[in-house]
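Just so you know, the sequences run in chain order A and B.
Going left to right, the first sequence walks through residues 1 to 112 as our numbering numbers them.
Going left to right, the second sequence walks through residues 113 to 227 as our numbering numbers them.
Any given hint could be a false lead.
Straight-line C-alpha distance at most 27 angstroms; calculated DSSO-like pairs for lysine-lysine [said to hold, decoys possible]: (1) LYS99(A) / LYS165(B); (2) LYS27(A) / LYS134(B); (3) LYS165(B) / LYS60(A); (4) LYS36(A) / LYS111(A); (5) LYS64(A) / LYS111(A); (6) LYS36(A) / LYS153(B); (7) LYS38(A) / LYS134(B); (8) LYS38(A) / LYS99(A); (9) LYS148(B) / LYS38(A); (10) LYS148(B) / LYS165(B).
Sample of chain B residues lacking proximity to chain A, with all beta carbon distances greater than 10 angstroms (derived) [claimed, not checked]: (11) MET127; (12) ASN129; (13) LYS134; (14) GLY140; (15) ALA143; (16) PRO173; (17) LEU185; (18) ASN187; (19) HIS191; (20) ALA192; (21) SER198; (22) GLY219; (23) ARG223.
Everything labelled a hint here was simulated from the structure, so no lab data went into it.
For each residue, glycine too, the CB sits at the ideal point set by N, CA and C.
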Amino acid sequence: SQELEQSPQSLIVQEGKNLTINCTSSKTLYGLYWYKQKYGEGLIFLMMLQKGGEEKSHEKITAKLDEKKQQSSLHITASQPSHAGIYLCGADESSNTGKLIFGQGTTLQVKP
Amino acid sequence: DTEVTQTPKHLVMGMTNKKSLKCEQHMGHRAMYWYKQKAKKPPELMFVYSYEKLSINESVPSRFSPECPNSSLLNLHLHALQPEDSALYLCASSQHRLAGGYEQYFGPGTRLTVT
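Chain A with its partners taken away, still in its complex shape (with noise of 0.2 angstroms):
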């Protein structure tokens, strides 16, 4: 079964530093996705990406989908406290079920 690895586990910075988070995946990805979640709250759509090699922003987050479509990563330029929660990438389990399976998150703290 697919196993998606996020790194770090968790990440503290100052305010206005960038940052990156990993996702990688133990298979071919079909579809990436990007959500954030604030604790005991639902989780926030950021980005999908499909292809490989394939670049989105909103704002000042940055998602990337390698070539091999088996890693991406979330830059965060000039952090913001705003910024703060939890990072979840999640993947289509296959081309044709719609379920997604997660990576066990990136909590990102922001220190003013």
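Using the hints, position chain B against chain A.
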């Protein structure tokens, strides 16, 4: 509008109670999902409905009973739960299920405590 709503926000129930969780979306999505999330763990899929029909049941105990009355509504009926069922229950929806590549939108969740 990418909103999925869930009620109630919090629920405390005894092991002999019967209760229901409700989920609603008005995005015209035809796939709806129930997830269970324990503390400091990622969400785990429970059920998937596609076009109002149950498509995936991840071997969930029968004390959890899903229902999809129409394309906008999803219920989760709870009966004779155990304390270990205490968790955050998340509902999600997406345009389709049968093909990957459709992002899922999540509701705020229901925090369930079983006493």
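So, going through the hints one by one against the coordinates:
1. Using a Cα cut-off of 27 angstroms, the hinted pair LYS99(A) and LYS165(B) holds, with the two alpha carbons roughly 15 angstroms apart.
2. At most 27 angstroms may separate the alpha-carbon atoms for a hinted pair to count; LYS27(A) and LYS134(B) exceed this at roughly 35 angstroms.
3. For a cut-off of 27 angstroms, the pair hint linking LYS165(B) to LYS60(A) is broken: about 40 angstroms separates their Cα positions.
4. Between LYS36(A) and LYS111(A) the alpha-carbon distance is near 18 angstroms, which keeps this suggested pair within the 27 angstroms criterion.
5. Simply put, LYS64(A) and LYS111(A) have alpha-carbon atoms about 26 angstroms apart, close enough for the 27 angstroms limit, and the pair holds.
6. Among the hinted pairs, LYS36(A) with LYS153(B) is consistent with the structure: their alpha-carbon atoms are about 14 angstroms apart, no more than 27 angstroms.
7. A threshold of 27 angstroms between alpha carbons decides the hint, and for LYS38(A) with LYS134(B) the separation of about 21 angstroms falls inside it, so the pair holds.
8. Pair hint LYS38(A) plus LYS99(A) holds up; C-alpha atoms about 22 angstroms apart against a cutoff of 27 angstroms.
9. Of the pairs offered as hints, the one joining LYS148(B) and LYS38(A) holds, with about 16 angstroms between alpha carbons and a cut-off of 27 angstroms not exceeded.
10. The straight-line distance between the Cα atoms of LYS148(B) and LYS165(B) is roughly 20 angstroms, inside the 27 angstroms bound, and the hint therefore holds.
11. Non-interface call for MET127(B) relative to chain A: holds, since the shortest CB-CB distance, roughly 23 angstroms, exceeds 10 angstroms.
12. Once the 10 angstroms rule is applied to beta carbons, ASN129(B) is consistent with being away from chain A; the minimum gap is 22 angstroms.
13. Every beta carbon of chain A lies more than 10 angstroms from that of LYS134(B), the smallest distance being close to 15 angstroms; the non-interface claim holds.
14. The claim that GLY140(B) lies off the interface holds: its Cβ sits roughly 16 angstroms from the closest Cβ of chain A, which is beyond the 10 angstroms cut-off.
15. Not every C-beta of chain A lies more than 10 angstroms from that of ALA143(B), the closest at about 6 angstroms, which undercuts listing it as non-interface.
16. PRO173(B), annotated as away from the interface, keeps every beta carbon of chain A farther than 10 angstroms; the closest lies near 19 angstroms.
17. For LEU185(B), the requirement that its beta carbon stay farther than 10 angstroms from each beta carbon of chain A is met, with the minimum near 17 angstroms.
18. Distance check for ASN187(B) against chain A: the nearest CB is about 18 angstroms away, which clears 10 angstroms, and the non-interface claim stands.
19. At the 10 angstroms boundary, the C-beta of HIS191(B) stays outside the reach of chain A, the nearest C-beta of that chain being 25 angstroms off.
20. In this structure ALA192(B) is separated from chain A by more than 10 angstroms, as the shortest Cβ-Cβ distance comes to about 25 angstroms.
21. Against the 10 angstroms criterion, SER198(B) stays outside the reach of chain A, whose nearest CB is about 13 angstroms from its own CB.
22. At roughly 5 angstroms from the closest C-beta of chain A, the C-beta of GLY219(B) falls inside 10 angstroms, breaking its exclusion from the interface.
23. With a closest Cβ-Cβ approach of about 7 angstroms to chain A, ARG223(B) is found to fall inside the 10 angstroms limit, against its non-interface label.
Figure legend: structure checked against the earlier numbered hints; hints not met, in rising order: 2, 3, 15, 22 and 23.
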